[in-house]
Each structure stands twice: as structure tokens, then as C-alpha cells.
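> Respectively, the protein sequence lines represent chains F and H. The UniProt record's numbering numbers the first residue of the first sequence as 1 and each following residue consecutively. The UniProt record's numbering numbers the first residue of the second sequence as 1 and each following residue consecutively.
Honestly, the hints are just simulated from the structure, not real lab data. Warning: the hint list may mix true and false statements.
It does not matter which identical chain is used: a pair holds within one copy or between any two.
As the list claims (entries may be wrong) - Straight-line distance between alpha carbons at most 20 Å, and here's what the computed EDC-like set of lysine to aspartate or glutamate pairs gives:
id : residue 1 : residue 2
1  : K7        : E262
2  : K347      : D158
3  : K53       : D63
4  : K7        : D267
5  : K388      : E339
There are 2 protein chains.
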Amino acid sequence: MINETYKHMIGEKSVIREIAETASARRREIGAGNVFDFSLGNPNVPVSPAFTKAMMDLYANTDSQTLHGYSPSTGNMAFRERIADSLNRRFGMQYEAKHIFPVSGATAALAHALRAVTMMGSEVITFAPFFPEYRPYAQACGASLTVLNSDPDTFQIDFEALESTINEGTAAVLINTPNNPSGAVYSEDTLRRLGELLERKQREFDHDIFLISDEPYREIVFDGASQPYPSKYYRNTLSCYSFSKSLSIPGERIGYVAIHPEATDADLLAVIFAQISRTIGHNCPSSSMQLAIAEIPDATSELGVYETNMNLLYDALVDLGFTVTRPGGTFYIFPRTLEPDAVSFCKKAMDYDLFMVPSNSFGMPGFMRLSYCMETAQVEAGIERLAKFVRENY
Amino acid sequence: MINETYKHMIGEKSVIREIAETASARRREIGAGNVFDFSLGNPNVPVSPAFTKAMMDLYANTDSQTLHGYSPSTGNMAFRERIADSLNRRFGMQYEAKHIFPVSGATAALAHALRAVTMMGSEVITFAPFFPEYRPYAQACGASLTVLNSDPDTFQIDFEALESTINEGTAAVLINTPNNPSGAVYSEDTLRRLGELLERKQREFDHDIFLISDEPYREIVFDGASQPYPSKYYRNTLSCYSFSKSLSIPGERIGYVAIHPEATDADLLAVIFAQISRTIGHNCPSSSMQLAIAEIPDATSELGVYETNMNLLYDALVDLGFTVTRPGGTFYIFPRTLEPDAVSFCKKAMDYDLFMVPSNSFGMPGFMRLSYCMETAQVEAGIERLAKFVRENY
Ligand SMILES: Cc1ncc(COP(=O)(O)O)c(C=O)c1O
Ligand SMILES: Cc1ncc(COP(=O)(O)O)c(C=O)c1O
Numbered sequence: 001m002i003n004e005t006y007k008h009m010i011g012e013k014s015v016i017r018e019i020a021e022t023a024s025a026r027r028r029e030i031g032a033g034n035v036f037d038f039s040l041g042n043p044n045v046p047v048s049p050a051f052t053k054a055m056m057d058l059y060a061n062t063d064s065q066t067l068h069g070y071s072p073s074t075g076n077m078a079f080r081e082r083i084a085d086s087l088n089r090r091f092g093m094q095y096e097a098k099h100i101f102p103v104s105g106a107t108a109a110l111a112h113a114l115r116a117v118t119m120m121g122s123e124v125i126t127f128a129p130f131f132p133e134y135r136p137y138a139q140a141c142g143a144s145l146t147v148l149n150s151d152p153d154t155f156q157i158d159f160e161a162l163e164s165t166i167n168e169g170t171a172a173v174l175i176n177t178p179n180n181p182s183g184a185v186y187s188e189d190t191l192r193r194l195g196e197l198l199e200r201k202q203r204e205f206d207h208d209i210f211l212i213s214d215e216p217y218r219e220i221v222f223d224g225a226s227q228p229y230p231s232k233y234y235r236n237t238l239s240c241y242s243f244s245k246s247l248s249i250p251g252e253r254i255g256y257v258a259i260h261p262e263a264t265d266a267d268l269l270a271v272i273f274a275q276i277s278r279t280i281g282h283n284c285p286s287s288s289m290q291l292a293i294a295e296i297p298d299a300t301s302e303l304g305v306y307e308t309n310m311n312l313l314y315d316a317l318v319d320l321g322f323t324v325t326r327p328g329g330t331f332y333i334f335p336r337t338l339e340p341d342a343v344s345f346c347k348k349a350m351d352y353d354l355f356m357v358p359s360n361s362f363g364m365p366g367f368m369r370l371s372y373c374m375e376t377a378q379v380e381a382g383i384e385r386l387a388k389f390v391r392e393n394y
Numbered sequence: 001m002i003n004e005t006y007k008h009m010i011g012e013k014s015v016i017r018e019i020a021e022t023a024s025a026r027r028r029e030i031g032a033g034n035v036f037d038f039s040l041g042n043p044n045v046p047v048s049p050a051f052t053k054a055m056m057d058l059y060a061n062t063d064s065q066t067l068h069g070y071s072p073s074t075g076n077m078a079f080r081e082r083i084a085d086s087l088n089r090r091f092g093m094q095y096e097a098k099h100i101f102p103v104s105g106a107t108a109a110l111a112h113a114l115r116a117v118t119m120m121g122s123e124v125i126t127f128a129p130f131f132p133e134y135r136p137y138a139q140a141c142g143a144s145l146t147v148l149n150s151d152p153d154t155f156q157i158d159f160e161a162l163e164s165t166i167n168e169g170t171a172a173v174l175i176n177t178p179n180n181p182s183g184a185v186y187s188e189d190t191l192r193r194l195g196e197l198l199e200r201k202q203r204e205f206d207h208d209i210f211l212i213s214d215e216p217y218r219e220i221v222f223d224g225a226s227q228p229y230p231s232k233y234y235r236n237t238l239s240c241y242s243f244s245k246s247l248s249i250p251g252e253r254i255g256y257v258a259i260h261p262e263a264t265d266a267d268l269l270a271v272i273f274a275q276i277s278r279t280i281g282h283n284c285p286s287s288s289m290q291l292a293i294a295e296i297p298d299a300t301s302e303l304g305v306y307e308t309n310m311n312l313l314y315d316a317l318v319d320l321g322f323t324v325t326r327p328g329g330t331f332y333i334f335p336r337t338l339e340p341d342a343v344s345f346c347k348k349a350m351d352y353d354l355f356m357v358p359s360n361s362f363g364m365p366g367f368m369r370l371s372y373c374m375e376t377a378q379v380e381a382g383i384e385r386l387a388k389f390v391r392e393n394y
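So that you can see chain F by itself, here it is in the shape it has in the complex (with noise of 0.2 Å):
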């Protein structure tokens, strides 16, 4: 008797999955310097030397229990108190080491905010266009999700309708910025107004509307600007980090969940965070990785290669005649696409070996998201093959 629910999972397959397994195939076929994969969300740079020297020390310097047992239930207490320290003095906030949960990465960090603030049946809401593993992840909880649209101009999110859907049974409201696919970088105003809509909305039906926040993308932003802190604007908030893509570290499965220090329960959701993991089976992330990254809080990878990359590919979009909006962070970019049916437009494009996804998957027909963590002359070398496709079809 195998649960059906996932064996049902595996018929919905994901679009991008999809889309880079073919791109994978072409590769084999026609070797990889002819295929232009916008596809994937994969950090190309590599990880920082400073992670990889705090890394190096402890192995050389560590007994073995230490770098290699158990993590307390609710993390290693390095972590905790250097990374409290670390955002405390980079937005101003004044988190203890008991409002940081170390988890396996933002993956980790969703499922264990979700499940903290929801039960059967609650709502939570995010706005369009989102991150298509938000559906999965709030359904696990027996929640459901509601999608606005974000303004598709700016996607910063249209209040009037946030005002009109919270209801009594919104539980929770789940933002993403910088965000994937838009590249949007909510700004202060965003934030406030947010925070401001929130707190009323808790007033009038009288319990907590949680927000979290998921940030994996906070240290990627251009034009030295920098990403507003989400929690510095609404006390409720769950603020969800992830090193994959700072340090460039995607598959080592880290990152933290930070508790306003002045949340409903601030001083047990960690406690609760480690019971949520009980259930779920998912203790701590990896010990030594905690160790190290509470040695390098700050540190992130070489970054700047993704606003190179990004600035060409918007310079090209505008010259070919796409209606787009210049990112402000990430390594993704939305322009809309030059006929109106995105997944025509995607599809036609790969018999060019352009490989990009159309932004139904994110939510919202019409736009495609293009990925530029690769090398800048494979950015170049992609453009020119846009280029042609546009010429030779619109």
C-alpha cells in the first residue's frame, strides 16, 4: 500500500525540471556550447574562500565530538548567537540567540514556519509571481494558498487587493524578496505599508497574521542598494534565510529561521521549531556547517557577476523590443513575452536551443523568467541566439 498522494506528485512534474532535462539532452547531443539553458537557478560562482578556510581550520583544530555530535534540539549555540549578532548589527534588530533556528536551508525554514503558524484549514496568501514550491509546501500543512497579483509593472504587491481577501482565517501572508522570477526588490514603502495593513488586520479579527519572509536572495541585490529588512516593518515576522545562494552552497542544506524578538511567543517558537522537527524528521542541519558558518556570518561570495550579467541581458531585452522591468536583485529577469501565449513562446524558442521558463509556472501568464548565474560570455553568446529568434519570428 504505497500512499497515492505522492505517487500522484510525481505526475505533476515540475515545468523547469522539465525544461532543464531537455536542455540537459541537447547538451549530449550538440555539446554544451551550443545551448543557451536560461533555465535553472543553479549559484555558478564559486563558494567563498573564507567558508572554505573556517572549514579547513575546524577540521584541523576540533575534537571530533564537537564538529561531528549531536546539535541540541534547537541548534548549535555559536550559530545562534553569531548570526543573532550579524543581523543585529546589519538592520538594527535585537534578536537573542533563542530567536534563531538553524535549519537545512529556506526549504527547511518554510515548512517550519508554515506548520508553526497554521493548522487544517487555515489560508495563507502570497502574491504572483511566486516560487511554485510555495503550493506544495502549504498544502503539506493542510493549508491553502491564496494568490494575488502583484502590480505587473513594479510587482510590488497591490494593496487593494490584500485588503479585500484577509479574512478571518488568513493565517499568514508570504512574501519572497528579492523575489524569483521578477527580481523585484520590495521597497521600504512596500514594507511599511505591509506592516501598517497587517497590524489593523490583526486588530479587527483579533488574533495573529504571521508574516514570513523568505529571503534567500537578501545579499543579491544591485546598483549598491541593499534589500530593506522585512522584520524591521511588522513585529509578527518569520524571516527565512538560506546560505544557498550567498556562499553559493545550494546543496549543503543551510540556513536559519529568525523570530521577531517581539512575535506572539517569541521566546518558545524555536522550541516549538524543534518539535515541528520531531514530526518531520529533520533535526538540525549538519553540524560542521553550522560551526563554520557561525565562524563567517558575513561573508558571501563573489556576487558582482550576476549584476554584469543582468544589466547585458536588460540592455538586450529593451534593444529587441521586450516590455521588461530591470531587476532589482537575484539572478533572474521577467519581461514579458512578444506574443501573448508564454508557453508557445518558450516552446518556439527551443528549436533555437533558448531555454527559458514561461511564467505560468510562477502564477501569471504571459511573462517568461530567463536565470543568468553562468559564466558573462555564455550571457553573451545567449543574447545573440535570442536575438536571431526574435528576428527570424516577431
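Chain F is already provided as a structure; the job is to place chain H with the ligands on it using the hints.
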């Protein structure tokens, strides 16, 4: 609105952790040398040098994306291949890479195996004494856990009880050998009878009944013996393994589920596990850990000290008048307490700074668990203290 389910779980504090915390507090008060803590099962022998070398070599010679990039959703191929080879070589199995699914420890292995083969309302049968976390693991799948007694002298399965208990709703039988807390090693005879019984019951009820075999102590077996491999004796077996104990790396969170090649849906189960990972926010274990273990699939730490300690403790317990079954493996021993109420016995022992876990935690009254993952000198000192306690009270 914080989910009350998890809040309530905090109340049901783990007795083992509570004892360990009391022991820790005592250590701070009177010094570690004066506290005799047999409560916690945390490996104390150092990590295998082969593991450290494999990891150092990887850091020196592997490019960043191979070492730290996302694993495929069913895990790193080198890991899957090398584990399949190792199990085939050691146990005469016929695994292919597709039957091996890497997970973050036995905890995650059980989370995946249980979810795959149960649904809301399914029954899972296990045998006391048992690892207390099985209860939250089963509950989290919506399954009920039925606990049968083992033979109290041998801790082998009571087949009459099992025969009369398995019913239409039984989805899985969960075993743990070598056993925490009894130290019992299921014999070939036990495993053969179990396999035959399950085959017969599958035919009787005309549906699959899976054997979930939790094997984190597989490599810790005494007297030059070894653990007969449960999956050899029953087709529908999911073997849940962890490197926590064999390599002394419990904090690193790595293990696997091995799917018997002739199990129902054997070729699909790893893909189903990947879908389960999505819903519980798991993803694969650390990529570098998978690569390191792929290099040394058969390595273990120097596990001999556990056997030395077991022999000392076993002889001392017999001398002191305890009724005790000699463990075949693990780093636990499970004597009857000298009064019927194990909780009262262990409580009195705490006045002597002796910390042992009453067997009620393991679903069986009248016994206690002593863990001996410590230096032999500590075991000797603990034995002296135990003798004093027994002399003055019984
Ligand atoms: C918006 C968003 N959230 C979460 C994740 C998952 O991140 P992690 O690999 O740290 O689990 C991703 C990964 O691409 C993402 O883009
Ligand atoms: C019987 C048993 N199963 C599972 C586990 C969990 O092991 P891991 O740390 O690999 O998740 C333990 C740990 O003590 C155990 O004793």
C-alpha cells in the same frame, strides 16, 4: 495563531532529555568526574580518520559546484552507486543505484519510509522495548502505533502476539535491530519467521505489508558476530540506515533508505521519497557529506570500546544481582531494576549521582537502560558507584 499541536508536544518533555539535563546541571555543580551519566546515546569514539581524509581530499580537489551544488532530488549518483555496491557485496543483495535514497539520518529515513507506506488511519506495529521517537514519527503520518511486547528474556519477537495482531489495517511492521534500548540482535531465525509471517499475512489480506527496518546500530555487534540483514528475509523491506553511530557523526545528519529491489514499486519508491522530501522540506543531506561517504562506504570508527564497556558492565550487573540479558550489539544494556518500579529505582540512584533511564520510556516497565558510549575508566567508576548504591539500598 500558533499551532497548538506542537505547543502541547513541548509539555510532553522527553524523559531521557530531562535526566540528561539534570546530569548536566550536576556536572556543573560537583564536576564531571563525580557524575556517572549512563543516560545519553551520543557516540564518544572519534570520527573515522578515513572520513576526515576523504573530506579533506574533496575540499582540495573538487570544484565548488560539484562539491557544494544542489544534489539531484533523489540524491547524488556516486553515493547511491557506492552504497548499492557495498550492500550487495556485504549482504548478497541486488540493489541498483535507483534503490538507494540518501537522507539526513535515521530520523529522516523513518520519516520517508513511514510516509510512503502509510496513510491516515494506517496501523504500524512495533515491539517493546522501542525507541520512543517512533510514536511522534507515526503520529505525524496520521498512523497509529501498536506496541507488542518482545520476549522479556531474549528480546526477540513474540510471534504469537504478532500473528494475532496483524489485521486488515496494518500497513507496516517497524523493527530495530540491533535494538535500542535492549542491545538485542535479531537472529536469522527471528528474521526468517518474520518474513514468512509477513508473506502469509500479505496473501491473507491481499495487500502489501512493509517491513521498515531501523538499523543505525548495524555495525556495532559483539563477539565477532554480525547482524543478519533483515531485507534478505523479506521482499517488501525498507532498510533505514544512518552513519551517526558507525562513523560517530550524528551531527552531520546522513544516512539512506535502501529499497529491496523486488519490493512493490521498487523502481518508483525513491522518486516517491523525493516527493515526500518536497512536502516535509527535507531535500538531500549535505552534498559534500554524500560525496565523502561515497569514497568510504564501508569505513567505521574504532567501535571496539563499546564491546569492552559492555563486558565490564554486564559482568558487574550480574555480580550485583541484576537479571540482565547480554547485549548482542549497540552501546546499551537493559537490566531489570531491583524493584518493580523502574522510575522509583532510577530516581533513588540519582541521589548517588547515577543517571540511568527507566524503561517506561521504552514502553516496558521494570527495566532500565544504561548507555556506555564513554571511556572505559568512566564505566569502571560508574560501576563502583552503582555497587555502593545497590549495597546501601537493596
Ligand atoms: C524563492 C525561493 N525560496 C526558497 C528556495 C529554496 O532554497 P534552499 O535551496 O535554500 O532550500 C529557493 C530556491 O531556489 C527560492 O528561489
Ligand atoms: C533506534 C534508533 N533509531 C533512530 C535514531 C535516530 O538516528 P539519527 O541520529 O541517525 O537520526 C536513533 C538515535 O539514537 C536510534 O537509537
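> Now, for every hint given, state plainly whether the structure supports it.
Here is what the structure says about each hint:
no., hint, in the structure
1, K7 - E262, "between (42 Å within a copy, 18 Å between copies)"
2, K347 - D158, "neither (31 Å within a copy, 61 Å between copies)"
3, K53 - D63, "both (17 Å within a copy, 15 Å between copies)"
4, K7 - D267, "between (39 Å within a copy, 12 Å between copies)"
5, K388 - E339, "within (16 Å within a copy, 86 Å between copies)"
Hint compliance for this structure: hint 2 is the single one not met.
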